[in-house]
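Peer 1: So the protein sequences, as listed, match chains B and R. Here the first sequence stands for residues 1 to 345, where the numbers follow the working numbering. Here the second sequence stands for residues 1001 to 1432, where the numbers follow the working numbering.
Warning: the hint list may mix true and false statements.
[As the list claims (entries may be wrong)] Here are the simulated lysine to aspartate or glutamate pairs, EDC-like style, with alpha carbons at most 16 angstroms apart:
#1 B:K47 to R:D1393
#2 B:K128 to B:D50
#3 R:K1097 to R:D1076
#4 B:K256 to R:D1168
#5 R:K1087 to B:D50
#6 B:K320 to R:D1076
#7 B:K66 to B:E92
#8 R:K1088 to B:D50
#9 B:K136 to B:E217
#10 B:K201 to B:E184
Just so you know, these hints were derived from the structure itself, not from any lab. Since we're looking at a predicted model, the values are computed, not measured.
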Amino acid sequence: MKKLVLSAAVAALSMNALQAAGRDTISVMGSSTVYPFATVVAERFGKGTDFKTPKIESTGTGGGMKLFCAGDGIDTPDMTNASRRIKKSEFEMCQKNGVAGITEVMIGYDGIVIANAKKSEVMKLSRKDIFLALAKQVPAKDGSEKLVANPYKTWKEVNPALPANKIEVLGPPPTSGTRDAFAELALEGGCKTFDWIKAMKKSDKSRYKKVCHSVREDGAYIEAGENDNLIVQKLTANPKALGVFGFSFLDQNADKVQGSTIDGSVPTFENIADGSYPVSRPLYFYVKKAHVGRIPGMVEYVTEFTSDAAMGEDGYLADKGLIPLPEKMRNEVRENSVGMKSLEL
Amino acid sequence: MSNKMSHHRSNIEQVRHSLKKRHRQEKRFILLGKLSVLTGFLFLAFLLTDIGIKAWPAFQQHWIQLDVTFDAQILDVEAPADEAALKKGNYRGVLKKSLYAMFPDVSARRDKKALFKLISSGAEYQVRDILLADPRKLGTTQQIWVLADDDVERFLKEPALRESQQSDRRIKDNQVAWLDQLSGQGRIESQWNWAFLTSGDSREPEQAGIAGALRGTMLTILVTLAMSFPLGLAAAVYLEEFAPQNRWTDLIEINVNNLAAVPSIVFGLLGLAVFISFFGVPRSAPLVGGMVLTLMTLPTIIIASRASLKSVPPSIRDAALALGASKVQTVFQHVVPLAMPGILTGTIIGMAQALGETAPLLMIGMVAFIVDIPQGITDSATVLPVQIYLWADSPERAFMAKTSAAIIVLLLFLVTMNLLAVVLRKRFERKW
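Chain B with its partners taken away, still in its complex shape (with noise of 0.2 angstroms):
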């Protein structure tokens, strides 16, 4: 027992010594989103060439960002994956901690699909019938230019084209950063369709944000935690309802549920790809200029990512569910990210 005291301490204190004399393994943080995707880079990476399998964290994107952002330290991840671009208060903090140099690297697309059981019929929903039914505070129906608290119960309340099932929408929680896509690219794509509500981003844009933004909290809308595949699962014991999840869910579980067409487009590849499906959103993951050459393979790995074998359209980011971005882009991804540019804002 003395003995495994003994050594316990001993090894807490070489601790220091070990953490100074450097790390051999690339370290990565951020979105759930990307993680899929940075993991099967990670895995290849590791095992066609000679340095070790990066380490990839899912910590979600703003915990990623806090982290990378913390300090140029070694201590401090290398790398922070994101299924939004960083934000300006972010880039500030990195920069006054001393992260001078970040590289931006945009992967591709992530599509958001609003799926039902497979036994149900296809919902076919517009921007502005998402808007109606999950928004917390929506236009009086009299047509006045009015706010009033959500009174739709049903979907045919809301379109008459649609059925009179109730309004019942499973998906992730404010703390996700597919939910803030989904507001951002959903709901305001429908809000803006009220020209007066519109008119309101010049003119009270917080005001704008807040209606186009938030939530109907009255029950309509369940959260349903970060785990897709439960939602899946809920999905298909409860016909009536809809689930909001990413692509690659989809993708997957084909058998048991179906995407909702949004403004007449279906969510398939072909359609993310070219941007005829609204609900899709780019995913990046930032590079810490600091540490290229002090942790071994930052480069390689950058390369390996935004290789066509990884990330081009045939490639196996692809099979993975990860709609690659066009050709041009892609290229130019390519020549920035190897060559290190720094971002600026």
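Fit chain R to the given chain B structure using the hints.
Peer 2: Using the frame of chain B, we list chain R on its own:
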């Protein structure tokens, strides 16, 4: 007198009367008790069967046999090649060639791609390792069993998929025809999936294994045990046997009891702030995980140990002291050995609790994708519950089976630990 008699009789009457009622009550309670035991048992049975059924596919694996020619030209290596050159070879090309040779009718680019998707993306590394192990195979043709892709796996394991519409499944009709042809030639085989127990994590379900998480769990638990057992025991012995009874020790006692009820994520935050940020212990390592879990299990161990020390009869202490033993001798030669069964039980319950934690580990970076199996307590690692959480969150359907299989491994680990507790208790148990 008669009055008394009648009073007496009425008492007996009353008792007799109420006896039936009381018996009924007893019966009702026993029935209720049996029902609740049965309900609990049914829940457990249901849970275990469900997990077992879902996990079964994960223990079986399909392999496809290919005739692979290690063509130096396709591999792009010179004939007497060194290891570095062999490592960089184009093994994907070699595999493609062998598949295309097997199906000469397949010519369209799209179809060729679909054909190549039948085998696991890890096959190229598998083939590479075969050549690396024996470079003399360069230029020869070998019959090699490679892993099937996870979609093929699922298709072969779920007969219902074959009947479903083409758009509902990931294996399309042309791929089904190729698979049928392969299995007709005896080139598809199902084997027990040993790799699940021996390989690390992977994003490809057919290659993913539990070994990394299992090793990480063992290392983390070892660190936790090595730190929390001596600390907990020392604290308990001091507080119970030596500490004076005053306001300070009362305060400490209340705090220890309260700490046992603190949500575990708080310990994770503390670990991040103190161990990682201040002391610079490496992130994601079993060492820091063990330290955080030590914080979490210490109160449990202290409380259990104190209760166990308290239950040693005072006569033992008195006898030892009367024979001239010092206080320290009394405690360490008589009281602690007698209290050991209880202390060990408390420790193992604490360990079992720590074994199932994910929340505190999230903060210290152990919820991560780690492929390499950890070799020591400072390597990056993850633990079983985290692995379960990560797999349950993956889009690939085949991970559902892996999740259940990992749960089974975790349960077995727990059962083993509890069994150990029972054995230790039996061995050290004393009766007076």
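Peer 1: Under the constraints set out in the numbered hints, which ones does this structure not fulfil?
Peer 2: 1, 2, 6
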